[in-house]
Amino acid sequence: MKISTKGRYAIRMLLDLAEHSGSGYIALKEIAERQGISKKYLEQIVTILNKSDFLQTNRGFQGGYKLAKSPDKCTVGMILRITEGSLAPVACLEQTPNQCVRSASCPTLFIWEGLNDIIKNYLDSITLQDILDRQKDSYSNDYII
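Each residue of the sequence shown is one higher than the one before, counting from 542 in this note's numbering.
Treat the hints with caution; some may be incorrect.
Cut-off 20 Å, straight-line C-alpha distance, at most; resulting in silico cross-link-like pairs (EDC-like, lysine to aspartate or glutamate) [said to hold, decoys possible]: (1) K570 x D557; (2) K661 x E625; (3) K592 x E625; (4) K607 x D674; (5) K607 x D671; (6) K610 x D674; (7) K614 x D671; (8) K547 x E584; (9) K607 x D658; (10) K614 x D674.
Hints in this document: simulated from the structure, not taken from any laboratory.
Remember, it's a predicted structure, so these values are computed and weren't measured experimentally.
Model the full structure from these sequences, guided by the hints.
In structure tokens, the structure reads:
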């Protein structure tokens, strides 16, 4: 499994919105500048995220985007499933129940199921708020004398 740029940038974009949530609606141009991501690429990501109810949109002069959910309700797993599709490490685990004709006799299936559980549990345990808190902690421990 490899997370694409789309998935990584979606996390960065939503994290930016969470970090600046007190600023109301935020223009995509501002996010693009702060994150060093092209506005055009963010527009593609916004289209995906809008369909999933992660964002609130306001058009017009003061328009922009903000999170539709609290940062503690947005997990990395949720974001990556929306942008990447399945997080399964092998194709046979992308559907439940497993549709592979060999699943009943597959000697390695337990490996992929275990890996899938670890990936899913780990990514679903991290929220945008967790990332913000960790970022804040790292800044607060940065002493300059």
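These are the hints, each one checked on the structure:
As the CA atoms of K570 and D557 are separated by approximately 12 Å, the hinted pair is consistent with the 20 Å bound. A threshold of 20 Å between alpha carbons decides the hint, and for K661 with E625 the separation of about 13 Å falls inside it, so the pair holds. Note on K592 and E625: the hinted pairing holds, with a Cα-Cα distance of about 14 Å set against a maximum of 20 Å. Of the supplied pair hints, the one linking K607 and D674 holds, its CA atoms being roughly 19 Å apart against a limit of 20 Å.
For the hint pairing K607 with D671, the CA-to-CA distance comes to about 18 Å; that is within 20 Å, so the pair holds. Between the alpha carbons of K610 and D674 the distance comes to roughly 17 Å, so the proposed pair stays at or under 20 Å and holds. For a cut-off of 20 Å, the pair hint linking K614 to D671 stands: about 10 Å separates their Cα positions. Under the criterion of a C-alpha separation no larger than 20 Å, the hint pairing K547 with E584 is consistent with the structure, at around 11 Å.
Among the hinted pairs, K607 with D658 is inconsistent with the structure: their alpha-carbon atoms are about 31 Å apart, more than 20 Å. A C-alpha spacing of about 14 Å is found between K614 and D674, which places the hinted pair at or below 20 Å, so the restraint holds.
The structure shown violates just one earlier hint, number 9.
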